[in-house]
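Enquirer: Chain residues, written in single-letter form:
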Amino acid sequence: MADARALPRRRFDARLVLAGGWLLVALLAAIFAPLIAPQDPLAQDLLFERLPPFWMQGAEPGFWLGTDSLGRDLLSRIIYGGRVAFIVAFAAAFAACIVGSTLGLIAGYFGGWADRIISRIVDIWMAFPPVLFAILLVAVFGTGLSSVIIAIAVIDWTRFCRVIRAEAMGQSRMDYVENARIAGFGRFRIMLSEVLPNVLPSIVALLSLEMGIAVIVEAILSFVNLSISTDDPTWGGIIAEGRLSIHQAWWVLVFPLITLFLTVLSFSQFGEGLKARFDPVLR
Amino acid sequence: MILQRFLVRLLTMAVTLLGVSVVVFVIIRVAPGDPIAMMLPPGASQADIDRLRALYGLDRSIVEQYFIWLSGVLQGNFGTSISLRQDVMSLVLNRLPATLELATVALLIALLIGMPLAILGAREQGTAVEAGIDVANGAALSIPDFLWGLALILLFGVLWPVFEISGRVSPRLELPFVTQFYLFESILRLRLDLTKDLISHMFMPALALALPLAAIISQLLKLSLKEVMTLDYVTLARVKGFSETSVILREALKNAALPTLTLVGVQFTFLIGGTVIIERLFSYEGLGNMAIDAVINRDLPLIQGIVLVFALIFVLINLAVDMMYALLNPRLRHG
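Protein chains in written order, with this note's numbering: chain A, 73 to 355; chain B, 15 to 349.
Don't take each hint at face value.
What the hints assert, rightly or not - Listed below are several chain A residues computed to face chain B (Cβ distance under 8 Å; list not exhaustive): (1) R192; (2) V212; (3) G216.
Bear in mind the hints are in silico, worked out from the structure with no lab data behind them. Ideal Cβ positions, reconstructed from N, Cα and C, are used throughout, including at glycine.
Work out the full structure: start from the sequences and follow the hints.
Expert: Have a look at this one:
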């Protein structure tokens, strides 16, 4: 048993390292944005509008990835945009995770009426188109960072709930749960100390996946101009700009898009990698 | 057995739709911001505001408003759009065909990409070909339709501009259509010049929606094909001397398709949910694009109508998949 466990751990998991590496770099850049960003992300300069990236004719030193139609430095805006993206990713994913996993555990472990009510609510939630639901909620709560976070959590808790419910249901039929019951443990105690640790690997994998989804939803919301205040740079906001000036300045769309691609891909691969590492069946 | 299953499903469907209508009603009624104030020019008198408020029934309690709206809906009356001042039902019916066509084309593309890849992967088990397909599936699954849409705009709109990047049809064209199903009608009328123009607009948004679904189809179908291919009857077909490809097509595919079907149904509802932002991205004049405008304009009756139509499509797809599963699955059919 000990050998079987130790074996894959020694194996170098390129997926985890690459994905984790990119996320770490992007996160550090966002945290230390004021130290790293070469320019003020909000500074407009009409003399420098639509400068191309550094390798092209007409580029200006100091504006590595070029500028947008208002002459703002693209690299600095992407670095600062990472701040909103990561705050939303962590806060929204954790909020969705706590609500969804709790309800999923209760539904899966207790079953009966609790399960029926929770499952019915999940059904109703699943009948909403998620993007429209998000836009609707932000319109209702008013734009702003906390609205975006709440909206994502309100919509995406069902992802956790469905998976954790199914897993908790499977776990609660296992012998060890029965043994704990015979040993005289209370139902809540069994749920928290026996069932929860066994569904934790799934929760962690889903959490990473959800962070990627939250980044996308935030980008979509700022793309339709419904995220945070329009002054602060966001990846979705830059992309919306890039979409408009795509024939004059393709780089305004390409660079934030590559950033989003890498970030979303990394979150999902990181989650998959963690799941593969923790999951006793896959291991 | 199947009838009973159908009736139970129909009942849960009604409960779900009722739930959706309550949730959306409550959400938009607690929203700050007055839709009436946005309709009137600045400087309108309080009497004008009150009159308009009464016209749209906004002067009553939420519960009363809900039941007035619900009884209207049951008679097919979804109210009047506040921003467009037209019947919500006819607005929705006008836009729905565009979205349905987009989703249908996307589903076709997903099947056309996903199924051959699954068959190829199952035939080339354990080779570099299968590994390559797995990597492509993983990437297509991790990247959402929104990002695929943007990448396609860059690829086929700018770098190699062969497709249109916005709208549903070129505005200069004269349209002879009597229905809103432009694409289907252009094919039926054999106006292939119009079909070409419509496809040119639809191709990129449909492909963006299709890619994640194609990956899922290819992954699941390959998995169940591989499972089926170890069974005796498939081995028998092999012994009879059929080639591996025809063993898959004639024997394995039929039985492998069933488990895939259920999950593809759920994924298809995700695809339809994705049309909201994809239509926005490509300025495609469908239901989703109108929905975003409705939210921005705080057009309460229109938002309610559109959300309910989306919910109805979702539950209908789930119902259809469930029924198809019951009809095709021999264990349930004779149960």
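Enquirer: Any CB of chain B closer than 8 Å to the CB of V212 of chain A?
Expert: With a closest approach of 4 Å, the V212 of chain A hint holds.
Enquirer: Any CB of chain B closer than 8 Å to the CB of G216 of chain A?
Expert: Violated - the Cβ of G216 of chain A stays beyond 8 Å from chain B, reaching only about 13 Å at its closest.
Enquirer: Closer than 8 Å between Cβ atoms is the bar; does R192 of chain A clear it against chain B? Give me holds or violated.
Expert: Because about 7 Å separates R192 of chain A from the closest Cβ in chain B, which is inside the 8 Å limit, the hint holds.
Of the hints listed earlier, the one the structure fails to meet is number 3.
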